[in-house]
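Novice: Letter by letter, the chains look like this.
Number of protein chains: 2
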Amino acid sequence: RIKASGLKLQLCTNETQATRENFVRKLQALGFDVSVAEVTAPAPAACRLLRERGLRPHLLVHDDLVPEFAEIDKTNPNCVVLGDAAENFTYANLNEAFRLLIGMEKPVLISLGKGRYYKETDGLKLDVGAYMKALEYACDVQAEVVGKPAKGFFESALAELGVPPEQAIMIGDDIVSDVGGAQQCGMRALQVRTGKYRPSDENHPEVRPDAYVNNLAEAVDIILQQL
Amino acid sequence: RIKASGLKLQLCTNETQATRENFVRKLQALGFDVSVAEVTAPAPAACRLLRERGLRPHLLVHDDLVPEFAEIDKTNPNCVVLGDAAENFTYANLNEAFRLLIGMEKPVLISLGKGRYYKETDGLKLDVGAYMKALEYACDVQAEVVGKPAKGFFESALAELGVPPEQAIMIGDDIVSDVGGAQQCGMRALQVRTGKYRPSDENHPEVRPDAYVNNLAEAVDIILQQL
Numbered sequence: 014r015i016k017a018s019g020l021k022l023q024l025c026t027n028e029t030q031a032t033r034e035n036f037v038r039k040l041q042a043l044g045f046d047v048s049v050a051e052v053t054a055p056a057p058a059a060c061r062l063l064r065e066r067g068l069r070p071h072l073l074v075h076d077d078l079v080p081e082f083a084e085i086d087k088t089n090p091n092c093v094v095l096g097d098a099a100e101n102f103t104y105a106n107l108n109e110a111f112r113l114l115i116g117m118e119k120p121v122l123i124s125l126g127k128g129r130y131y132k133e134t135d136g137l138k139l140d141v142g143a144y145m146k147a148l149e150y151a152c153d154v155q156a157e158v159v160g161k162p163a164k165g166f167f168e169s170a171l172a173e174l175g176v177p178p179e180q181a182i183m184i185g186d187d188i189v190s191d192v193g194g195a196q197q198c199g200m201r202a203l204q205v206r207t208g209k210y211r212p213s214d215e216n217h218p219e220v221r222p223d224a225y226v227n228n229l230a231e232a233v234d235i236i237l238q239q240l
Numbered sequence: 014r015i016k017a018s019g020l021k022l023q024l025c026t027n028e029t030q031a032t033r034e035n036f037v038r039k040l041q042a043l044g045f046d047v048s049v050a051e052v053t054a055p056a057p058a059a060c061r062l063l064r065e066r067g068l069r070p071h072l073l074v075h076d077d078l079v080p081e082f083a084e085i086d087k088t089n090p091n092c093v094v095l096g097d098a099a100e101n102f103t104y105a106n107l108n109e110a111f112r113l114l115i116g117m118e119k120p121v122l123i124s125l126g127k128g129r130y131y132k133e134t135d136g137l138k139l140d141v142g143a144y145m146k147a148l149e150y151a152c153d154v155q156a157e158v159v160g161k162p163a164k165g166f167f168e169s170a171l172a173e174l175g176v177p178p179e180q181a182i183m184i185g186d187d188i189v190s191d192v193g194g195a196q197q198c199g200m201r202a203l204q205v206r207t208g209k210y211r212p213s214d215e216n217h218p219e220v221r222p223d224a225y226v227n228n229l230a231e232a233v234d235i236i237l238q239q240l
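If you're matching them up, the sequences are chains S and R in order. Letter by letter, the first sequence follows residues 14 to 240 of the working numbering. Letter by letter, the second sequence follows residues 14 to 240 of the working numbering.
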């Protein structure tokens, strides 16, 4: 309905356990008409940053994410890119990433998100943010976080759309990463009362959405009514 | 020579990859006349703390350290004790410790030190402090650190000696953990110019030893001269 109305659409995800191709396939299977070009995700944002600064990464990421970095020179690394590596978060791999960082004149750590934990069918798992903190402490360095709520992440989504922030609206369930991040970038933002949403979000000390909607369909209704 | 002079002696170590028994065996093999009772180490200090507060730990520590906790009730854990677990720092073990912590009404994380990294023959390794930071971030909790430079650690060494801080002197190579920690406890402290010592320590912004000595033998000479 959004696309049929002539509005432009971009999906902003912090997914780092799959390529955009796989992510889009899942959405298509659920009936959504979405293409890879309509997805803004941390890995391609990181690739852009790596190219701009001539950085050659050592990757500590999920196996399924590696193809996103296919075009990037990874020889003789001068930075570490950290994603939610899941089973690849081994003692050996963490020590290897650490040794590379501590051996750099000025360690550069790029983290594909800073989530604390997430839930899977077999229970809670430590997310990339926890491992980021471990490496930050060991190397006395601050990671550069790519992904929501980083301002640059929303800016690249807007660049893809070719739309200024004041003409865009963000819809999300995460009060800080989605709503707060988009607003800091000059966009308006709706919070859906589904998914990660918690009633306590409505008393958040720092972030206040421009409006609440009960679900994604209601968000679409409201947006289309304004046209 | 210290013991022959009638002075009391206590060794304060942050070793958490071996029991005191094994630690003492190594020193004895090097010719030092030392007994287990003369060693203050993080694991027994943690055991004291666990007993005092009725805490039942889940252990994420090195296999060789586990015997130190033999007498401690570990059923139905209500805290996590973290040591330098080395090869035991697996993705599965870290998630397990995390799940236990996040499931507690008030998570209690006790860390046997907060070192950032150390060197082994096959290279640098992340130390317990890095994993402590990961769990602290994921659970939004502050770890209680046992071991140097914690004040309580020096206090238990003094209690073992039965000596007030102003009648004790610390000898160590680490400007912060050894010298700073002991001084904050009211003791005097010598820094030896061996081991971890770096010339830059002599310009440390916060800690100033009561004196420098070139090595342990010189420290003994000076102490015995004062008698």
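Just so you know, these hints were derived from the structure itself, not from any lab. C-beta: ideal position from N, C-alpha, C; glycine also. There may be inaccurate statements among the hints.
[Stated by the list, open to error] Pairs of lysine-lysine residues, derived as DSSO-like cross-links and limited to a Cα-Cα distance of at most 27 Å, are as follows:
(1) R:Lys87 x S:Lys87
(2) S:Lys209 x S:Lys16
(3) R:Lys138 x R:Lys21
(4) S:Lys138 x R:Lys87
(5) R:Lys132 x S:Lys132
(6) R:Lys119 x S:Lys209
(7) R:Lys132 x S:Lys119
(8) S:Lys21 x S:Lys138
(9) S:Lys138 x R:Lys209
(10) R:Lys87 x S:Lys119
(11) R:Lys138 x S:Lys119
(12) S:Lys138 x R:Lys119
[Said to hold, decoys possible] Computed Cβ-Cβ distance ranges for the label pairs, DEER-style:
(13) R:Leu174 x S:Gly67: 34 to 40 Å
(14) R:Arg206 x S:Lys209: 41 to 47 Å
(15) S:Tyr225 x R:Asn106: 39 to 45 Å
(16) S:Gly67 x R:Gly199: 34 to 40 Å
(17) S:Glu109 x R:Gly175: 34 to 40 Å
(18) R:Asn228 x S:Lys119: 23 to 29 Å
Novice: If a hint holds in the structure, say so; if it doesn't, say that too.
Specialist: These are the hints, each one checked on the structure:
no.	hint	result
1	R:Lys87 x S:Lys87	46 Å, violated
2	S:Lys209 x S:Lys16	25 Å, holds
3	R:Lys138 x R:Lys21	35 Å, violated
4	S:Lys138 x R:Lys87	23 Å, holds
5	R:Lys132 x S:Lys132	35 Å, violated
6	R:Lys119 x S:Lys209	23 Å, holds
7	R:Lys132 x S:Lys119	20 Å, holds
8	S:Lys21 x S:Lys138	35 Å, violated
9	S:Lys138 x R:Lys209	37 Å, violated
10	R:Lys87 x S:Lys119	44 Å, violated
11	R:Lys138 x S:Lys119	19 Å, holds
12	S:Lys138 x R:Lys119	19 Å, holds
13	R:Leu174 x S:Gly67: 34 to 40 Å	58 Å, violated
14	R:Arg206 x S:Lys209: 41 to 47 Å	55 Å, violated
15	S:Tyr225 x R:Asn106: 39 to 45 Å	41 Å, holds
16	S:Gly67 x R:Gly199: 34 to 40 Å	54 Å, violated
17	S:Glu109 x R:Gly175: 34 to 40 Å	48 Å, violated
18	R:Asn228 x S:Lys119: 23 to 29 Å	36 Å, violated
In this structure, the hints that do not hold are numbers 1, 3, 5, 8, 9, 10, 13, 14, 16, 17, 18, in rising order.
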